[in-house]
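Trainee: Protein chains in written order, with numbering that gives the first Met the number 0: chain A, 0 to 165; chain B, 0 to 624.
These are calculated hints, taken from the structure and not from any lab test.
Be aware that one or more of the hints could be misleading.
To be verified - Pairs of lysine to any residue residues, derived as SDA-like cross-links and limited to a Cα-Cα distance of at most 20 Å, are as follows:
| hint | chain 1 | residue 1 | chain 2 | residue 2 |
| --- | --- | --- | --- | --- |
| 1 | B | Lys619 | B | Ala590 |
| 2 | B | Lys619 | B | Arg584 |
| 3 | A | Lys29 | B | Trp341 |
| 4 | B | Lys564 | A | Val116 |
Unchecked claim - Non-contacting residues of chain B with respect to chain A, defined by C-beta distances greater than 12 Å in every case (computed):
| hint | residue |
| --- | --- |
| 5 | Asp7 |
| 6 | Thr11 |
| 7 | Thr136 |
| 8 | Ala364 |
| 9 | Glu373 |
| 10 | Lys506 |
| 11 | Leu512 |
Claimed, not checked - Covered stretches of chain B, going by a simulated chain A footprint (3 or more residues, C-beta under 8 Å):
| hint | segment |
| --- | --- |
| 12 | 265–271 |
| 13 | 606–612 |
From the three backbone atoms N, C-alpha and C, an ideal C-beta is built for every residue, glycine too.
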Amino acid sequence: MEHQQTCSSADIAEADERLEKVKHAIEQFKLMKGALIPVLHEVQDIYGFLPEPVLQVVSEELNLPLSEIYGVASFYHFFSLTPKGENVIHVCMGTACYIKGAQAVLDRLSTELKVPVQGTTEDNKFTLEATRCLGACGLAPVMTIGEKVHGRLVPNAVPKILIEYK
Amino acid sequence: MKLLTDLDAIRTLTQSRLDNRRITGASGESITFRSVMVCGGTGCTSSDSNTIIAALEQEISSHGIESQVEVVRTGCFGLCELGPVVIVYPEGIFYSRVEVKDIPALVEQHLLNGKPYDKKIYEKTRHGEEILSFEETDFYKKQVRIALRNCGTIDPEVIDEYIASDGYKALAQVLTTMSREQVIDTVKQSGLRGRGGGGFLTGLKWEFAAKQNKPQKYVICNADEGDPGAFMDRSILEGNPHSVIEAMAIAGYAIGANQGFIYVRAEYPIAVQRFTKALDQAREYGLLGDDIFGTGFTFNIDVRLGAGAFVCGEETALIHSIEGHRGMPTPKPPFPAVEGLWGMPTIINNVETLANIAQIILNGAEWYASIGTEKSKGTKVFALGGKVVNTGLVEVPMGITLREVIFEIGGGIPGGKKFKAVQTGGPSGGCLTEEHLDCTIDFDTLTSLGSMMGSGGMIIMDEDTCMVDVARFYLDFTRDESCGKCTPCRIGTKRLLEMLDKITEGKGTMEDLENLEQLSLQIKNASLCALGQTAPNPVLSTIKYFRDEYMAHITDSKCPAGVCKSLISYEIDAELCRGCSLCARKCPSDAISGKVKEPYVIDKATCIKCGVCFDVCKFKAVAIV
Numbered sequence: 000m001e002h003q004q005t006c007s008s009a010d011i012a013e014a015d016e017r018l019e020k021v022k023h024a025i026e027q028f029k030l031m032k033g034a035l036i037p038v039l040h041e042v043q044d045i046y047g048f049l050p051e052p053v054l055q056v057v058s059e060e061l062n063l064p065l066s067e068i069y070g071v072a073s074f075y076h077f078f079s080l081t082p083k084g085e086n087v088i089h090v091c092m093g094t095a096c097y098i099k100g101a102q103a104v105l106d107r108l109s110t111e112l113k114v115p116v117q118g119t120t121e122d123n124k125f126t127l128e129a130t131r132c133l134g135a136c137g138l139a140p141v142m143t144i145g146e147k148v149h150g151r152l153v154p155n156a157v158p159k160i161l162i163e164y165k
Numbered sequence: 000m001k002l003l004t005d006l007d008a009i010r011t012l013t014q015s016r017l018d019n020r021r022i023t024g025a026s027g028e029s030i031t032f033r034s035v036m037v038c039g040g041t042g043c044t045s046s047d048s049n050t051i052i053a054a055l056e057q058e059i060s061s062h063g064i065e066s067q068v069e070v071v072r073t074g075c076f077g078l079c080e081l082g083p084v085v086i087v088y089p090e091g092i093f094y095s096r097v098e099v100k101d102i103p104a105l106v107e108q109h110l111l112n113g114k115p116y117d118k119k120i121y122e123k124t125r126h127g128e129e130i131l132s133f134e135e136t137d138f139y140k141k142q143v144r145i146a147l148r149n150c151g152t153i154d155p156e157v158i159d160e161y162i163a164s165d166g167y168k169a170l171a172q173v174l175t176t177m178s179r180e181q182v183i184d185t186v187k188q189s190g191l192r193g194r195g196g197g198g199f200l201t202g203l204k205w206e207f208a209a210k211q212n213k214p215q216k217y218v219i220c221n222a223d224e225g226d227p228g229a230f231m232d233r234s235i236l237e238g239n240p241h242s243v244i245e246a247m248a249i250a251g252y253a254i255g256a257n258q259g260f261i262y263v264r265a266e267y268p269i270a271v272q273r274f275t276k277a278l279d280q281a282r283e284y285g286l287l288g289d290d291i292f293g294t295g296f297t298f299n300i301d302v303r304l305g306a307g308a309f310v311c312g313e314e315t316a317l318i319h320s321i322e323g324h325r326g327m328p329t330p331k332p333p334f335p336a337v338e339g340l341w342g343m344p345t346i347i348n349n350v351e352t353l354a355n356i357a358q359i360i361l362n363g364a365e366w367y368a369s370i371g372t373e374k375s376k377g378t379k380v381f382a383l384g385g386k387v388v389n390t391g392l393v394e395v396p397m398g399i400t401l402r403e404v405i406f407e408i409g410g411g412i413p414g415g416k417k418f419k420a421v422q423t424g425g426p427s428g429g430c431l432t433e434e435h436l437d438c439t440i441d442f443d444t445l446t447s448l449g450s451m452m453g454s455g456g457m458i459i460m461d462e463d464t465c466m467v468d469v470a471r472f473y474l475d476f477t478r479d480e481s482c483g484k485c486t487p488c489r490i491g492t493k494r495l496l497e498m499l500d501k502i503t504e505g506k507g508t509m510e511d512l513e514n515l516e517q518l519s520l521q522i523k524n525a526s527l528c529a530l531g532q533t534a535p536n537p538v539l540s541t542i543k544y545f546r547d548e549y550m551a552h553i554t555d556s557k558c559p560a561g562v563c564k565s566l567i568s569y570e571i572d573a574e575l576c577r578g579c580s581l582c583a584r585k586c587p588s589d590a591i592s593g594k595v596k597e598p599y600v601i602d603k604a605t606c607i608k609c610g611v612c613f614d615v616c617k618f619k620a621v622a623i624v
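If we strip away everything but chain B, and leave its shape as in the complex, we get (with noise of 0.2 Å):
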């Protein structure tokens, strides 16, 4: 078992490597030993960045210079539409879009002689003759990291790197100078409010359960993150998963609880694994177990791993899923804190609410509360996606403007498209327009527009998005992620769906427009959980903010998007058309025909529509009519 001043033996001995971690303005020969940070998240995972890992220790060994550098796998740096992302400390040089054949030239110039490898400095960071740092990009500037502090700045999987940079030291402080009572009344005062999608106080959801004279309680981290576009938790457990134990284990001694769970998504293999040796760590240095730093304070966590269902996101659905049993919900009250998993107190948290904990301990409540809004505290996690061109992650202080996040931070919409729209909040949230760009972001204000905060997925939107065909594609999912336990919800959802595909079929009425508006207000009214009760979120908003483009649908039989199959038709303009031929060898269905080096033709009875002609051509001379 770990004491107190274990870890600060800890702290001391790591600490050296962390501050070499830091920008520090040294530059050239001067620095004597440098960090090669390489992002270590799905995202850059997927394009290769185990691999260049492997590439840089061994260019390193080659080289006969291991003691003067340092290769750490980290967690996400945010930027995933530049990955794989490499930064070299102390310079702080960013480099994006890193392959295997960089690295001898890498090493070489910059990790031996000093000079920054110019092929692959990121662009943004280029002002002039200067390289600036990271952190002054207009990427990064605008972002406070709480809830991703960590994340790029230490190995996950070390724990004392985790507990260099105060680590454990919350969990120690509650421990051994806080009551139960004072660790509850500073996570309430600090106004965190849940991060899951219902921005529920978090204070008061333990403040119930801890009132529970129950014999066993338990603590739920909820990771089954299953909105689409979202990956802010799987994140957090890649980069910074002590931060998520950690909490839970303040968590369970605010409640008195002494298990807790993790229920997180088995689609999530990199964060499983990372979140495993985390625990395992943990146990080994007793920070879980038996009588914790010798308080008599006991606390254990187990994994459970979900099997795929978006409803279980609804806490009583979560815990039946615990439980052994289909995830369906139950109605509320009684509320899990007062009677949850096995009928016991159960509060459940998401991951990144559990990441903020040990710094609103280490910080008090009023630091954190000085962040944000007046109803909506600290920051929140945004996982920007679409069309925008910094697709990743970003954490930005509440009551921040979605112009400021969409075309400062995220850089606009690439290829000199039109913003068209923002989604927030997933299938539960809805669609904004340019008219909302100068809204603050909060749970309060999202909500009252008709979309909200949900996880935190943040979908942009160009020209090219039809809207009735995004209200299509969420319905489809919440249809087929309905438990159908509840009428509203299982048919509920099914009619809607059906509806949205005649209209873009080409085949809507006008009454099917106010049958749309009309079930979806009774879907919401009616459905028992989350789920049904925001589902129809999207298609009202839709209708509400591109009520023309569902008139174009009806009316006039057109997509203005050019999307909708039905809708459109491919056509060979035969100015442009060379007669390459390249069309007709491609088209699946034999539907164009024509001579070499004359104009091709498209037989539209025969076209099944697939776009293949209109990616092949090089000439620009398949259109979308």
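If we strip away everything but chain A, and leave its shape as in the complex, we get (with noise of 0.2 Å):
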């Protein structure tokens, strides 16, 4: 935890340019009714998660309580309160794909990786998410590495995907 403030405040510090953009789209939704799930939207876009010090400013740009901020961002999964990797690999865990086989594929990515669903790996080069449904469903089973795709997956192939990306 401790780790993870510093490095948030760091990086605000020296971005200044991120929280200008935070700013501004706060700005733009400040007048809106139900200002604050966009806003949080707009957050997690720029910095990749929601850091603690850039909700404090939420929440006194939108006057509201830091409690209920960390009530709403809390409750949805899209959004996160922790930093993730350079890569963030989605397994799709929707039905079609867990008909097909995916739970192996996830399995086989945490041994890979040595991290267990959730997790960052060490040199913080990825993180192992499960998701709900990506909607690919013909491609099954399926995951997402970034924004490449990709399909038709067994749990040999892990290996050979994950060098591209190290």
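Relying on the hints, combine the two individually framed chains into one complex.
Mentor: Here it is, written out as structure tokens:
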């Protein structure tokens, strides 16, 4: 936790530009009813996660208690309070993918990367996540690494795919 | 602002382009202009259809035939299994699994010389020497495309093409010639029921909201498709976004609302981008905004991104999410149609429901009501997935049988395996078996069998699927997605999951089985919203139809399908093993030992049952026992 705080504070001190972007977004949504979720989307878009110091800024600007912001942020799966690795892997665990063996692919990724699901590798290269449905059932089982979609997976294909990103 | 006459002019101007995307029966050299349609849905985009479009354009320009060919990025054609899909008109030749390396030959042979490029022609369109159009294949033959009607035939990013396919004509007709009551009556008479899961009569919902005497009302489009294994809403937004915008405006007029919201999953980037673009175009044309068609009617639509909460499919939870809170449901009544967003009357319709509206207005309530069954009118889009040959998106008339959908349209089970079950309705639905294959698909039949229509995911399972594991999979989902507000759902689903875990681990007892059933019924009766009320359906239906499989886990400690890890182990057949050592090298827990060229052995105590040895063995020497 300590590490994470220093990390995000430093990030923010360095990158005023990003904070400016957040403030600009808040300005845009401020007068709108129900602005909190759209603002959180913007923050996550800009930082890749929701850093605490930035949430404090959101709290002041939108005049909402930080506790309420955390309540909302932690409710939705899409929002993350911790930083992610360079490459985020989403393994689809929708029914079609599950039936076709997505669990084995996920297990294999976890073994290869030596991280549990939702974990980030020590070198910060990969974050492994299970996601609900990517809606590409025709290619089941499917995973995405960053923007790229890998379909018709078998556990054996995993090591080779990971090499592309190492 | 566009007037009616402007729309007519656009229609006339663009019509010839669309006419060219029809199968004419013309052949070879007599064709002077071709349309190359490339699927740009998420499925095909994932298998690189964008690169294919770029390669096509480059190749076409290098031959200097730009004036004789158009390349169109469309919405989903449905046959996702075969992506990337390319269709060339006017012949209607269907190419599947096209790769960039195919493009030069495809362009030269087909677009330059008029001879279909043999290598990638979809197998099912071959009929001896003759090549059939895709519409004649089993996959398309029985489909009736209403909600999906423009998916695959127009460029979803060009509003003129939507207008040319009778787009915004229904909105014009409603605003200039119909009273609010007439619109509601038409929708009511059509018998259209909500396609989001509940199956409530759409016209009736509109009527409730219309009757409220409040200064502000809202129309919400629920595009937060959260069902694992369903992607019809996503495909409609990607392939025909204007149909949703038009229908929302019609709904707004009918109930007296001037503001709409679309609540769409942030996980669907292509859908969000295309819909936002469509909104901009509609605003630019004055088809949204103030004084639409000069009739004084004002309507706007804002986009709200969902944030990954399945419970937001529930109306009241969705409303709270738009208001900026946690998406937790509240008891009904009051129904949103009476007291919804910010306390004002609000109707929430699902994407697929809305995609039918313009067609109902244009063709009349009777036309729509003539399709389907007595109580389930029209068509339903299903996302076929799992162990079925043709995975993809199909739209079929209500009343069709499961067998027709799975075996005729879906092409049956791949790999010579045996059909075991079909799951409809996602986590809220249930599993049906072989004996139900001839049952008709409609809201009431599916519910009476212990499943439901839901949003329309249809997952096919074969003999390699463990039904207890499937129930556990769904419970894991609903337990995770429960918002936690009401105790039966929060704690009940957790207890159900624990019992299912116990059974799949071989530690279950007959008492657990009884408790499973009892608790399931209690959760159904006591939960606050539809998530909890339907969460036990996968458990109840699998116990009902696959009791023997539960029994095998409990009394014999066996998983007949060979899925549940605790109940299986891996063994190497000494006769088949050639001693290549590959399994030993790949085993992550060093559980395999032996000498090269002699049979290897798995130490069951160290084995973590990851199945790597099973996957890598080239001699099928590793067996699940």
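Trainee: Now, for every hint given, state plainly whether the structure supports it.
Mentor: Now the hints, each set against the structure:
| no. | hint | in the structure |
| --- | --- | --- |
| 1 | B:Lys619 <-> B:Ala590 | 18 Å, holds |
| 2 | B:Lys619 <-> B:Arg584 | 17 Å, holds |
| 3 | A:Lys29 <-> B:Trp341 | 17 Å, holds |
| 4 | B:Lys564 <-> A:Val116 | 18 Å, holds |
| 5 | Asp7 | 37 Å, holds |
| 6 | Thr11 | 37 Å, holds |
| 7 | Thr136 | 16 Å, holds |
| 8 | Ala364 | 32 Å, holds |
| 9 | Glu373 | 31 Å, holds |
| 10 | Lys506 | 20 Å, holds |
| 11 | Leu512 | 23 Å, holds |
| 12 | 265–271 | holds (count 3) |
| 13 | 606–612 | holds (count 3) |
No hint from the list above goes unmet by this structure.
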